[in-house]
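Note that the protein sequences, when read in sequence, are chains C and D.
For what it's worth, our numbering labels the leading residue of the first sequence as 10, then goes sequentially.
For what it's worth, our numbering labels the leading residue of the second sequence as 2, then goes sequentially.
Do not rely on the hints blindly, as some may be mistaken.
Rough simulated footprint, nothing fancy, chain D against chain C, three-plus residues with beta-carbon under 8 Å [to be verified]:
1) 122-130
2) 167-179
3) 359-367
Each pair of labels, with its calculated beta carbon distance range [claimed, not checked]:
4) Pro211(C) x Leu333(D): 44 to 54 Å
5) Ser194(D) x Pro197(C): 51 to 61 Å
6) Asp575(C) x His121(D): 48 to 58 Å
If we take Cβ atoms under 7 Å as the criterion, some of the chain C residues that face chain D in the derived model are [stated by the list, open to error]:
7) Val96
8) Phe97
9) Thr149
10) Val190
11) Glu229
12) Leu284
13) Gly291
14) Ala435
Just so you know, these hints were derived from the structure itself, not from any lab.
Ideal Cβ placement from N, Cα and C applies to all residues, glycine included.
Chain by chain, the residues:
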Amino acid sequence: MARRDTGQRSPEQQRLPPGGTRALWRAVGYLRSYRLATGGALVSLVLMSVANLAAPMLIRVAIDDGIGRRQLVAILAAVIGLVVVAVFRGSFAFLQSYLAERASQGVAYDLRNALFGRIQRLSFSYYDQVETGQLLTRLTNDVEQIRQFTGRGIIQMIAAVVMLAGSVGLLLYLNWRLALVSMLIIPPIFVALMYFVRRVGPMFREIQQSLSHLNTILQEDIQGVRVIRSFVREDYEMRRYSEQNEDLLEKNKTVIGMFSNNFPLVFFFANLGTLLVVWYGGYEITQRTLTIGELVAFNSYLAFLLQPVFTLGFLASSISRAGACSVRVFEIIDAPLEIHDRPGARELPAITGRVEFEDVHFRYPGSEREILRGVSFVAEPGQTVAILGSIGSGKSSLVNLIPRFYDVTGGRVLVDGHDVRDVTLASLRRQIGIVLPDALLFSGTVRDNIRYGRLDATQEEIEAAARAAQAEEFILKLPEGYDTVVGERGVGLSGGQRQRIAIARALLIDPRLLILDDSMSAVDAHTEALLQEALDKLMRSARHTAFVIAQRISTVRNADLILIIDDGQVAASGTHEELLETSELYNEIYNSQLLPDDARIAAGDGV
Amino acid sequence: MGRPMWHLANQSDERAQDRGKTARRLIGELRPYKRTMLVVLLLVVVSSVMQAIGPWLVGLAIDQHIMRGDLPGLARTMILLFFVYVVGSLATRAQSRRIGFAGQEILASFRSRIFERFQHLPLRYFDSRPAGDLISRVVNDVDTINQLLSQGLTQLLGAMFSLVVILATMLVLNLRLALVSFTIIPVMLLTTSFFSARARRAFRRTRETVSNVTANLQEEIVGVRQAQAFNRTEENIARFRERNAANRDANIQAVGITSAFWPTIDVLSTLATAIVIGYGGYLVFHDELTVGLLAAFLIYVQQFFRPIQLVSQVYTQIQSSMAGAERIYSILDEEPEPPDPPGTPTLSSVRGQVRFDHVTFEYKPGQTVLHDVSFTIEPGQTVALVGHTGAGKTTIANLIPRFYDVAEGAVLVDGHDVRSVTRPSLRKWIALVLQEPFLFGGTVADNIAYGREGATREEVEAAARAVNAHDFISKLPEGYDTNIGERGATLSQGQRQLISFARAVLADPRILILDEATANIDTRTELLIQRALGTLLEGRASLVIAHRLSTVRNADLILVMQNGRIVERGSHHELMERGGLYADLYNRQFRDAPARRRSPSTEAAPNPS
């Protein structure tokens, strides 16, 4: 898909990417909410520039009128004037920088909120295709680039243009001949800078890439340490890392070479400006067409002339970068929400838990292959439905259709007779507790993790859910019980423990419909039996419906309905006993989990 | 590791000492570049002198030539000035290039030394540290040193030197004017330190707020599915907005401080200019100074502000680099696994006998995980480990390839204590398949070939076929050349496990360890693997850990673990007849209807016919 490719920064991405200009303008448009700050920054900037340009004039007065004509008053006036100008300039410089920051932080804040909101709402299908690292980069790095460009970049650019025009005008006004001579240095400096920026930009991106490869190797080395050691591949890893490290070193050296070639050259030209001014200016002084004060002032203006040239040279590169970043950011903000409430969607009333699949077909967006091909069944309230099948048979896809994580591509999924597409997502999902296979825990306490879906739950309710999920025993053994911090930066839990917390989380919302998607794979057999018993009691007594995807026959044996999914279709359905009689596939699975002698008995019983 | 507590008491003293030591070590890194550094120093001197001569020549030109109308003299001075600029630029170029290269080489050496150290650290080191923290520490800390080396050091050297030269030149040219214009320096230093203390605090705040924004981002993105399943979307967005706003406000505040800093410095620098003009003008009145020198002074005054600012800027950089260097050195100083002493024999051929001889093991002193464990796996035998989580099964698996050393007793392979042979020669004969398969970035083929260096494509495919992975691999978009997303993102858990099985098969081990390797594979796939392994395991010793008892029934020997001890041992039938813990576990799993009543009764057990 396109959104994947654009994340890769190719070195030749020097010019604006397609749509970059529009995206950039759109990003700049975010400044509209901060009109006052932006406008204030601009006005301050112009005033600051005016003050800047006034200073060398005062130096000229001091030298020519004061020192040249020996007037102490003129010197004093100039000196006081200089300080006043500096204070004036300083105040506006402060205002400019502060207000620009306000505006740019505001833009970043709005962009991040928009991105995060979108990320939270984008459908499952989006996440099937995107890497989390990419999204993270966009939220952090890309937004930061845009912020710098909209805040500092644009304002500085305007400032540079104003300063440039002002200095050039003043120089021409002071002495147009000298002005033209001194401006000779601008073209070579500008060319040198542009050349540098054009080459160093892609080089920096290459360095970034090289570095990220290097860090990937490092990351794999740390996370896969057991694999590496057991296959005795330390030397290989070391070699791989050294090579990449060498590559990075070479690239870094290239950039350093560029810097050390370029900057002395640029400063050389800048110095040449002084030389030209003194030389030609000196000549004019001897001709009495220029004063010493004017010469010194001229030299000061030269600095003002060069600064905007530097600024413009550098900003030129950030335009393309900010353009590319804007494209990536808006790509997410504009990503379509595939699953959303239909206009006029109704609230789903409290359900009894009847689920019906009517000739359901399903294909993942962008994929050719049909995962489900005409699945029909009915789960009555209070029933436990078990789903069996091999890898890729479509089990997870099937249950994911009930809370409408995806939309069917054909047929209907009905909950209590309502097509899930006709009701609001919130009212549907509120009544469904689902435990996803990855049993993800968030950084936070055990309590926070259990009450993830119901923030107003009381401690008693949390404990009851944990107890039913057979999690209470180990939770109480944790260093701080329910207040123990878990997740990436907390206490490490085993897979089975994580799964039990995830189950408690689902139970806490008191779902009318419970879906366990291979949620007990890491729980040991003994605990699983207890867990099953507890779930059975809980679900059956409340007449709530449960869907269980599992690998083990022992898990599914007691189900009211067992669906065997094979290649996107219901290959067989019925109770354990019925399936033993009718389904070859079920027998095969069953036998694979039993002792040979057991299997014989089972088969013998069946016939 | 694990410093005693009393160390904390005089930590601050020690800290200062540590800083000094770190600084000395960091400077020591420059030692291989001694000659480069000397050349650089020389070049810095040259370029600083040239920088100082420039304005003086300008002053000279004004006084000696321009004021006197000496145009040929002016031309001579200007040509001289031209060469001064050329020499200065060339010296700057040569100097920044040399020091930049040296800096990058030092960084590269840091990177590879850290990586090398990681290869030799005991596994314990990684157990106690989250991978993410370790990675970000290494990356960020090296980066702070990078900034110091690539920018700070060059700038600092150059700036310090030009400062000295400029100040000296000013003193020589006109002592009084120089001293008067220096009065602004202390004011400037005070202002800088006033602001930088505040700025540092403010920026520390922004680092906290920004990490509040980004720290949980990764898991919130990974957890979007959970959030949607549990209707947490709006709540999450509201919380994010709060953190986001806090970060914005902290940044605005911090920038407010720096925004005030630069204008303040600017006012001070103008003040210095004003002083030079005012006092210089007075001196010119009294014929104690020439106009040319006054002009030169004006240029000097503007030049000496930059180095002062730079020095204070680089100072903060040095501080953070020192902290980074300290952390890097703490990794480099970490005790590596004791290397195989020279002359350690290699394990050149293995039949595949594994023996645990009264093994006791503890991860941390005082926390014994295995108590007096003894058993033997004969070549060609399969031994299964069964028991609850935390019973010590994985620990046993980790001791065979000597990921850890035993506290008491010995682990023997073919009668050799694993500590008496080199690690690589030991591990070469062992393959390990873990519950969480770890795949590297790269293609499917790369990942399978990881099991044996230099494996051909035919061998890779044969290994995949052997574990029935060939079918699904062939169906992938690019077959064996399909790139696996980061950590196997695009493959299912079962598929990833099949790949890691193929990898182990390719390694052709004499000892195979399966640590819950089939927990996440559906039973039909597992059956396929087991059929394949049945032939593959012939003549090899294998250790199988599994929750699912269907996997272990066929083992030659089943060891039932509880709290670090072997409590039962025997074949499936022996253990079933005994009616102990194993029978209980087994019954729960397979005879579920009676087991539901929590009665591990014999009536439910099958009657072996």
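Against the structure, the hints:
1. 122-130: This one holds; 6 residues, not fewer than the three required, reach chain D with a Cβ under 8 Å.
2. 167-179: violated (count 0)
3. 359-367: violated (count 0)
4. Pro211(C) x Leu333(D): 44 to 54 Å: With Cβ atoms ~34 Å apart, the hint is violated.
5. Ser194(D) x Pro197(C): 51 to 61 Å: The hinted range 51 to 61 Å is violated for Ser194(D) and Pro197(C), with Cβ atoms some 40 Å apart.
6. Asp575(C) x His121(D): 48 to 58 Å: Given range 48 to 58 Å: holds, Cβ gap about 50 Å.
7. Val96: holds (6 Å)
8. Phe97: Hint on Phe97(C): violated, closest Cβ of chain D at ~10 Å, above 7 Å.
9. Thr149: For Thr149(C), the interface hint holds, since the closest Cβ of chain D sits about 6 Å away, which is under 7 Å.
10. Val190: It is violated, given that the least Cβ distance between Val190(C) and chain D is near 13 Å, above 7 Å.
11. Glu229: Holds - the Cβ of Glu229(C) comes within 7 Å of chain D, reaching about 5 Å at its closest.
12. Leu284: Hint holds; Leu284(C) Cβ to chain D Cβ min 5 Å, cut 7 Å.
13. Gly291: This interface hint holds because 4 Å falls under the 7 Å limit.
14. Ala435: holds (6 Å)
Of the numbered hints given earlier, the model fails hints 2, 3, 4, 5, 8, 10; all others are met.
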